[in-house]
Amino acid sequence: MDKLVSSWYKDQSLPESYIFPPHERPGKLLVPRCNTVPVIDLGDTRTNLVHQILKASQEFGLFQVVNHGVPPNIMSETMSVFHKFFELPAEDKASLTVHTNDPKRCKLVTSTLDYDREKIHLWRDVLRHPCHPDCIEFWPQKPLRYREVVAACSIEAKKLGLQILELLCEGVGIEHGYFEHELTEDLLLGANHYPPCPDPSLTLGIPKHFDPDILTILLQEHISGLQVLKDGEWIGVKPIPNAFVVNIGYILQVISNNKLKGAEHRVVTNSSDHRISVVFCMNPAGDSNIEPAKSVVTATNPPLCRGFQFKEFMDNFYSMDGDADLALQPFKL
Numbered sequence: 390m391d392k393l394v395s396s397w398y399k400d401q402s403l404p405e406s407y408i409f410p411p412h413e414r415p416g417k418l419l420v421p422r423c424n425t426v427p428v429i430d431l432g433d434t435r436t437n438l439v440h441q442i443l444k445a446s447q448e449f450g451l452f453q454v455v456n457h458g459v460p461p462n463i464m465s466e467t468m469s470v471f472h473k474f475f476e477l478p479a480e481d482k483a484s485l486t487v488h489t490n491d492p493k494r495c496k497l498v499t500s501t502l503d504y505d506r507e508k509i510h511l512w513r514d515v516l517r518h519p520c521h522p523d524c525i526e527f528w529p530q531k532p533l534r535y536r537e538v539v540a541a542c543s544i545e546a547k548k549l550g551l552q553i554l555e556l557l558c559e560g561v562g563i564e565h566g567y568f569e570h571e572l573t574e575d576l577l578l579g580a581n582h583y584p585p586c587p588d589p590s591l592t593l594g595i596p597k598h599f600d601p602d603i604l605t606i607l608l609q610e611h612i613s614g615l616q617v618l619k620d621g622e623w624i625g626v627k628p629i630p631n632a633f634v635v636n637i638g639y640i641l642q643v644i645s646n647n648k649l650k651g652a653e654h655r656v657v658t659n660s661s662d663h664r665i666s667v668v669f670c671m672n673p674a675g676d677s678n679i680e681p682a683k684s685v686v687t688a689t690n691p692p693l694c695r696g697f698q699f700k701e702f703m704d705n706f707y708s709m710d711g712d713a714d715l716a717l718q719p720f721k722l
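The sequence shown lines up with residues 390 to 722 when you count with the numbering used here.
All clues given are correct.
DSS-like mimics (lysine-lysine), calculated; alpha carbons at most 27 Å apart, straight line:
| id | residue 1 | residue 2 |
| --- | --- | --- |
| 1 | 683 | 547 |
| 2 | 547 | 700 |
| 3 | 700 | 493 |
Read the hints as simulated data drawn from the structure, not as lab findings.
With the sequences and hints as input, model every part of the structure.
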């Protein structure tokens with residue numbers, strides 16, 4: 390438990406093990422919160438939605454959605470319950486920090502699951518667990534209503550993700566229902582806690598990466614931290630009340646045969662505020678076959694990679710220290 394950043398960050402300089410190489414540091418340059426990141430109103434007409442979401446997914450790989458139908462009270466209660474969780478006394482969280490290989494179990498770690506192996510640590514604590522109903526019995530029992538609130542938000546996030554995937558299918562010409570079953574079977578939650586950092590210019594909450602999933606649905610609060618790489622420049626994703634951030638996953642990029650683009654993004658820290666974000670990652674089942682959808686492959690647009698199992702890709706992803714491009718390399722044609 391003493392490894393959790395939140396247990397020792399106060400009144401201490403940044404440990405050397407958290408300092409990134411100069412070319413990876415965010416530095417002291419101010420990255421503005423930008424209004425150019427697409428914001429899509431899901432109450433618009435279907436024709437407009439298909440056009441807007443397709444354009445955002447091709448140009449940014451990341452966008453925000455409003456008027457999405459998820460009740461605001463579910464969103465606010467979810468953020469509240471995670472604030473309460475990370476504020477719990479150490480003894481109430483101790484059982485969640487015990488190492489386990491059981492995929493149904495919750496895991497509360499600092500930095501990443503590979504803390505003991507990694508060269509540089511990330512300035513965050515993260516709670517991860519699957520959202521399948523069969524796993525709820527292993528979820529935290531504290532704070533009160535954790536299971537009730539997080540289950541409700543998980544259901545809404547999955548529903549929202551499938552709605553967005555249907556719009557994307559229509560936009561790129563993939564058949565209706567393509568993502569309804571094993572390709573979105575596993576919904577994984579990650580709740581990130583970024584405590585105030587003594588020197589945000591030297592470290593990161595999460596380094597630059599592509600999400601190795603189908604789609605990521607992110608709930609963030611009013612404190613900035615998420616940045617997306619666009620045309621070689623970092624852009625701050627401005628938090629919008631009652632909005633979700635949607636990120637195209639690398640596996641969706643593969644299935645679309647690069648018609649859709651995942652967004653490279655990172656998370657920076659700050660010196661004054663605690664920041665919490667909640668991500669729902671829509672993942673295929675491990676033995677799912679991943680390949681470019683046949684409907685997007687033509688003589689002039691041949692497949693860019695052969696089929697592979699999702700678990701093969703993820704094994705590569707972790708062995709390549711989270712580099713999605715390198716993880717895909719063995720499967721490219």
